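Q: One letter stands for each residue in the lines below.
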Amino acid sequence: MFLLAAITGKYGEGESSDSALVERFLRKDVSAFEQLYDRHSRVVYALVVRILQQGSTAEEVVQDVFLHLWRNAGQYQSSRGPFVPWLLTLARNRALDQLRLKSERQRRREDQAEEIPAIAQSPDYEKALDEKRRAERVRSLMSSLSAPQKKAIEMAYFEGLSHSEIAESLQEPLGTVKSWIRNGLLRLKEGLQTAS
Amino acid sequence: MNEHDQFRELIEAYALGALDANERAALEAHLASGCPACAKALEEARLVVTQLAYLAPPAEPSEMLRARVFRTVRADAAASGGSGGGSLPMQAGSQPTSVPMWLWAGVAALLLVSLYSTWEARRMQQEVVEMNQHAAAELKERKQLEDELTVAKHEAWILTDPSSKKIMIMPSDKSMPMVEAMWHPKMGIYVTAQQMPMPKNNKVLQLWLIPKTPGAKPMPSHVFWPDANGKIGEMVANPPEDMTDTKALAITEEPAGGSPQPTSTPMWVGDVS
Chain G
1 MFLLAAITGK
11 YGEGESSDSA
21 LVERFLRKDV
31 SAFEQLYDRH
41 SRVVYALVVR
51 ILQQGSTAEE
61 VVQDVFLHLW
71 RNAGQYQSSR
81 GPFVPWLLTL
91 ARNRALDQLR
101 LKSERQRRRE
111 DQAEEIPAIA
121 QSPDYEKALD
131 EKRRAERVRS
141 LMSSLSAPQK
151 KAIEMAYFEG
161 LSHSEIAESL
171 QEPLGTVKSW
181 IRNGLLRLKE
191 GLQTAS
Chain V
1001 MNEHDQFREL
1011 IEAYALGALD
1021 ANERAALEAH
1031 LASGCPACAK
1041 ALEEARLVVT
1051 QLAYLAPPAE
1061 PSEMLRARVF
1071 RTVRADAAAS
1081 GGSGGGSLPM
1091 QAGSQPTSVP
1101 MWLWAGVAAL
1111 LLVSLYSTWE
1121 ARRMQQEVVE
1131 MNQHAAAELK
1141 ERKQLEDELT
1151 VAKHEAWILT
1161 DPSSKKIMIM
1171 PSDKSMPMVE
1181 AMWHPKMGIY
1191 VTAQQMPMPK
1201 NNKVLQLWLI
1211 PKTPGAKPMP
1221 SHVFWPDANG
1231 KIGEMVANPP
1241 EDMTDTKALA
1251 ITEEPAGGSP
1261 QPTSTPMWVG
1271 DVS
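From first to last, the protein sequence lines stand for chains G and V.
Just so you know, we're using the numbering used here here: the first sequence kicks off at 1 and counts up by one.
Just so you know, we're using the numbering used here here: the second sequence kicks off at 1001 and counts up by one.
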């Protein structure tokens, strides 16, 4: 089954691919880590700022994410999915934790057992698309959704709200919100597949 | 719609983290049962969800953040013996993430100066101690010389001053040498002898002043013994009795340390009056 088009990096001649850098980074190569940081820190930071709506706290979380990445390199397993989605999932979880003002003790406990779930791995998924084009494509696909549908998905993703919380916030029936979210994500998936 | 289809409809929301607790628990139980189709659908849904990150407005992290992260990682790598191969040039405006060589050199120089200063301070302290000990020894020696000089002056004074009285202390055993004493009324008594035998049985010689008062006990004075050559030169600076009140001088053999009263018959006696 073919999956999603899009995403992850196309790099110039002489530049290492993410997978090559990750391979070196897993062997604790500082240079590889720094290249990965330079390559992906912007999207991570933008995501965290969007969730937290506060630059200074976002920098703390981003720093935490990358240092966690460095110090727990063994937690990433390439067999469980590509690197960037894994990194974005880690960053989102950390930012939402911060947003929910979880206690430091609880966070530490979660850190110890933190495991990012497996994400789909597909050769097609590694097709060339730089970060800017990737963002344009996702925005374009999302713009095709209705405004409430897009809003519901963003509330779930960026604010960590559940179906019920979104329904209550938007004062819409729960079933409607569930449909919006599911159908919206399916359309996004289809759009990404088509783009590939 | 069968049970599997019901769970399948929850996959996207689950990947998004939007399921409420009861639905989440039910789906997780289904996934735990090992449904491969749902597991694969979930992986794909998660991949879609991660793309939502690109909806965030573009934002640029600061150079300070980059410098902090790089500095920490390089320090970690250095501490754990990692590659530390942060060979990328720093971007403009970023902070240096390693200590420059000149700073290491400065620290090393400072350390050397500090070590030298410590060593030098200890050396000088030791020298001061040795000089103090040397000075104390010299002072002691000087004091001893001064004392000896004083004694010598007294001896010379006693021996030459006309007011001194010469007293011949005669042995009871004619084979023994004679002892001579010069008594100055103010300077004391100077006792001399030649070829004196060393007292036996760890005994010493003790000088006694015999008072003129009838029945008065002998006054104990110095304890002494001849040197290796049998020579005696003993200065008694403060005799226990005035010359005018003393009838005679006597010498006995006494146990080491002397006695408050004679324990033996005098071996030498000299008439003072």
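Please keep in mind that the hints were generated in silico from the structure rather than gathered at the bench.
Everything numeric in this text was worked out from a predicted model, so none of it was measured.
Even glycine gets a Cβ: it sits at the ideal position worked out from N, Cα and C.
Please note that the accuracy of each hint is not assured.
[As the list claims (entries may be wrong)] Only pairs whose alpha carbons sit at most 20 Å apart, straight line, appear in this in silico EDC-like list of lysine to aspartate or glutamate:
| id | chain 1 | residue 1 | chain 2 | residue 2 |
| --- | --- | --- | --- | --- |
| 1 | G | K28 | V | D1076 |
| 2 | V | K1200 | V | D1242 |
| 3 | G | K189 | V | E1155 |
| 4 | G | K132 | V | E1060 |
| 5 | V | K1040 | V | E1028 |
| 6 | G | K189 | V | D1242 |
| 7 | G | K151 | V | E1141 |
| 8 | V | K1040 | G | D38 |
| 9 | G | K150 | V | E1009 |
| 10 | V | K1143 | V | D1161 |
| 11 | V | K1186 | V | E1130 |
| 12 | G | K189 | V | D1076 |
| 13 | V | K1212 | V | D1173 |
[Unchecked claim] Output of the computed footprint for chain V on chain G, the stretches with three or more beta carbons under 8 Å from beta carbons of chain V:
| id | segment |
| --- | --- |
| 14 | 71-78 |
| 15 | 154-163 |
| 16 | 176-184 |
[Stated by the list, open to error] Some chain G residues flagged as far from chain V (calculated, every beta-carbon gap over 10 Å):
| id | residue |
| --- | --- |
| 17 | L47 |
| 18 | Q63 |
| 19 | T89 |
Q: Would you check the hint for K28 (chain G) and D1076 (chain V), treating anything up to 20 Å between C-alpha atoms as holding?
A: holds (10 Å)
Q: Do the alpha carbons of K1040 (chain V) and E1028 (chain V) lie within 20 Å of each other, as the hint requires?
A: holds (14 Å)
Q: Are all beta-carbon distances from T89 (chain G) to chain V longer than 10 Å?
A: violated (6 Å)
Q: Is the Cα-Cα distance between K1200 (chain V) and D1242 (chain V) 20 Å or less?
A: Violated, at about 32 Å.
Q: Quick check for students: does the CB of L47 (chain G) sit more than 10 Å from each CB in chain V?
A: violated (4 Å)
Q: Given the hint that K189 (chain G) pairs with D1242 (chain V), test it: the Cα-Cα distance must not exceed 20 Å.
A: Cα-Cα ~133 Å, so violated.
Q: Need the status of pair K1040 (chain V), D38 (chain G): alpha-carbon distance at most 20 Å?
A: Between K1040 (chain V) and D38 (chain G) the Cα gap is close to 32 Å, so the pair fails against 20 Å, i.e. violated.
Q: For a C-alpha distance cap of 20 Å, please report whether K189 (chain G) and D1076 (chain V) respect it.
A: violated (40 Å)
Q: Given the proposed pairing of K1186 (chain V) with E1130 (chain V), does the C-alpha separation stay at or below 20 Å?
A: violated (42 Å)
Q: Check whether the Cα positions of K1212 (chain V) and D1173 (chain V) lie no farther apart than 20 Å.
A: At roughly 25 Å apart (the allowed maximum being 20 Å), D1173 (chain V) and K1212 (chain V) break the hint.
Q: Would you mind confirming whether the straight-line C-alpha gap from K132 (chain G) to E1060 (chain V) stays at or under 20 Å?
A: Given that 20 Å is the threshold and the Cα spacing comes to 13 Å, the pair holds.
Q: For the segment 71-78 of chain G, does the count of residues with a C-beta closer than 8 Å to a C-beta of chain V reach 3?
A: Check failed, 1 qualifying residues.
Comparing the model with each earlier hint shows violations of hints 2, 3, 6, 7, 8, 10, 11, 12, 13, 14, 17, 18 and 19; every other hint is respected.
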